[in-house]
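Please arrange chain B on chain A, whose structure you already have, making use of the hints.
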Amino acid sequence: MLDAFIQLFELQNILFLVLGTALGIVVGAIPGLTASMLIALTLPLTFHMDPVSAVTLLIGEYVGGISGGLITAILLRMPGTPASIVTTFDGYPMAQQNKAERALALGIMASVVGGIISWFFLAGMSPALAEFALQFGPWEYFALVVMALVMLAVLAQGSLAKGLLAAALGMAFAIPGIDSSIGQARLTFGNSALLTGFGLLPVLIGAFAISQVIRDACAPQMTQKVPVPQKRLPIFGSDVKTHGLNMIRSSVIGTWIGLLPGIGANIAALVSYSTAKQVSNEPEKFGKGHEPGVVAGEAANNASIGGALIPLITMGIPGSVTEAILIGALTIHNLQPGPLLFQNAPEVAYGIIAAYLVANVIMLLMMWGAVKYIAQVVRIPRSALLSVVLVFCVVGSYAVNSNFTDVWVMVAFGIIGLGLEAARVPLGPFVIGFVLSPIAEEQLRASLMMTDGDVTEILSRPYALLFLILAVLTVAWPAVVARLKPARKEEMK
Amino acid sequence: MSQSQTQREAIGDLICCALVLIGSLILFIGASSLPPPRFEPLGSAAMPRILGFLLVVLSAVVALQAVAKLRQPKTPTVDIEATPNSPYRGLIVLAALIVYVFALDVLQLPFLIATTLFVTVTGTAMHRFAARSIVIHGALGLIIAVLISTVFSRFLGIEIG
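Sequence lines, in order, name chains A and B.
Residue 75 in the numbering used here sits at position 75 of the first sequence, and the numbers go up by one each step.
Residue 1021 in the numbering used here sits at position 21 of the second sequence, and the numbers go up by one each step.
Just chain B, same shape as in the assembly:
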């Protein structure tokens, strides 16, 4: 593992710890508004407090390990980019998913249209931007949408959207 990757991971760990600490703070705030135990010794607020405490301790341990990694002396290494992964493709797919759910829930777009568009966009983003790819994924989206809506409405009595 290269030096820069170790540092990136350590910084990622620190960000994760910060988010967990915010989460544990929410647990403590939520627990403080709960009534004290009346019929049983433990009460409703105990579990959030116990977990909040555990999260603080464990994130402190992870943070200390990350700081130790950051403090390691730097040795000259060569970054090897072995994985040609594209995080942008993942981001496009995630954004398309959020837009798809928004379209179905808030915009009340019909399921057939929304699903056809969604499969076309995500399929093309993951494959390649070409007319043939758009047509194939569009057709697939339409078929899947028709199949799902038929099965759900006819056999399960569920109307989607």
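Extracted from the complex, chain A is given alone in its bound form:
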């Protein structure tokens, strides 16, 4: 770990981390642009960088992207990222009561504390969990992927059937190309351009960035007048006593919710906010500019990043689209996230952990010193931003292999993404299904080879069985709750 920190503080790496965090904060502060979009767009550039520099840049963007959202959430009641929606509940009323500086100060502090607490979980659990995951065989991996996909599909907004449909559809799009097991073309229909399959980057950029830009283009264009914070950001020693417990509780909640696939930073913030309200002596003050509301949401959403990085680096399981893109970043450098990452590329595995901590500190310094300037980015016309983002989408897709096939694939997946969104089919399970499909197939084929085609073997493996049971319970849970509700109502009557 110490080596990772030493490596991180090499000039090139620390510069990338600062650049990534700064870009993330700015993009995070702009409503409509998200951290995942920024990471997807910068991913092609990292192709030419060494893996450690690449992950430091992307981790900086991730941390900055989630944190930057609080600025516009507090000043304009427009969350820069979905993760900051909860911050609008109390942050904006505080700004209206001329306490914008205080809300920003608390939000920034809570974000940093959330990040640091979840770092302890990340640094403490990851190596041990990776060591443990080394015991997993193909059956366990297959069951783990199935569980992650099912959880993502079930927890995605909208209907269960549509969540599962999205995951299956994403998996289907990963099939065309050369089947690596037998070295034969599959579902290419004689088209040589399909032999390499659909590239991860064009799919990610198309499904997320393009569809989001087109949706934003449809929205009315408004120029925002930003109420710039005038005074120093006030933070006091007594805040440790007043908000310390709330920060720790929300950070722990955020980390554990981040660990579960598919839930995300916005739900983590919402759960922490509800918990803070429930345990408060003054629950009626929440939503009217109450400081603990800002603290709970911001500590949790930042902490969820650390939580989400744990299954990513220890088992190669992405919890959200952003982690799926980070998997893409590792795979384009021929690195396979999972337990072997700690053995094959410890500088990258520990580099991610070290970068996450330092990115939080950099975020604190930047946001504390420059929040009033960062807030001004909202004044840049959306038309200019979105046009430039589209150019970056095209250039980014082209840059991976220097060919336009990838760009056309990106455009096609942009249209598919728009269509899915229009039909309210969630994009998260679609993209993660696309990422996890090859792993699921590879592990299933390896498992069946080991057991000579005997599927029942999975039932004799405790961890694999546990993952499958969890997957079944996740699917069945909403139906069970729906059945129990009328029964409870009857009892109450």
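Treat the hints with care, as some may be off.
Said to hold, decoys possible - Reference excerpt, derived from the structure (chain B facing chain A, CB under 10 Å, subset only): (1) Ser1004; (2) Gln1007; (3) Phe1039; (4) Ala1046; (5) Ala1125.
What the hints assert, rightly or not - Derived, one-sided and incomplete: chain A residues facing chain B with beta-carbon distance under 8 Å: (6) Phe5; (7) Phe9; (8) Ile178; (9) Asp179; (10) Leu187; (11) Cys218; (12) Val395; (13) Tyr398; (14) Ser402; (15) Arg445; (16) Met449.
I should point out that these hints are in silico values taken from the structure, not numbers from a laboratory.
A virtual CB, placed ideally from N, CA and C, is assigned to each residue, including glycine.
For chain B alone, coordinates are given in the frame of chain A:
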């Protein structure tokens, strides 16, 4: 949610299901041309078949839910147009994107010219059609194009287009 919106969504779901069914048909056709397994029990065609089957089942479930929504008795409601969104702007931007990629790939238009024109068209479409807007977005497009092509050609060795 108004009655007409629910119906629109249900019809959208049915269209989506039809497209997914076509997709699963493609999976089955593709899988049928693959050789049977030789060295391993599962074989190359299994995954497309499994996913094709799952897609058929899930789209049937979604279609049934959509039909149930359509069959709900109609209640008189008032449509509230709360969102002044303009789908035409999105369509213009999407069309401009396709033309931009076509111009770079097929017409081999230089990156600087294509990008300047693209940013001008999309920026103006999203902002408003006025001389000032055209000039500002045109200048922005030119600056971005010069910056990107310089960075890509000088530092990454990539010539775009």
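Check: What hint numbers does the structure not satisfy?
Finding: When the structure is compared with the hints, numbers 1, 2, 6, 7, 8 turn out to be violated.
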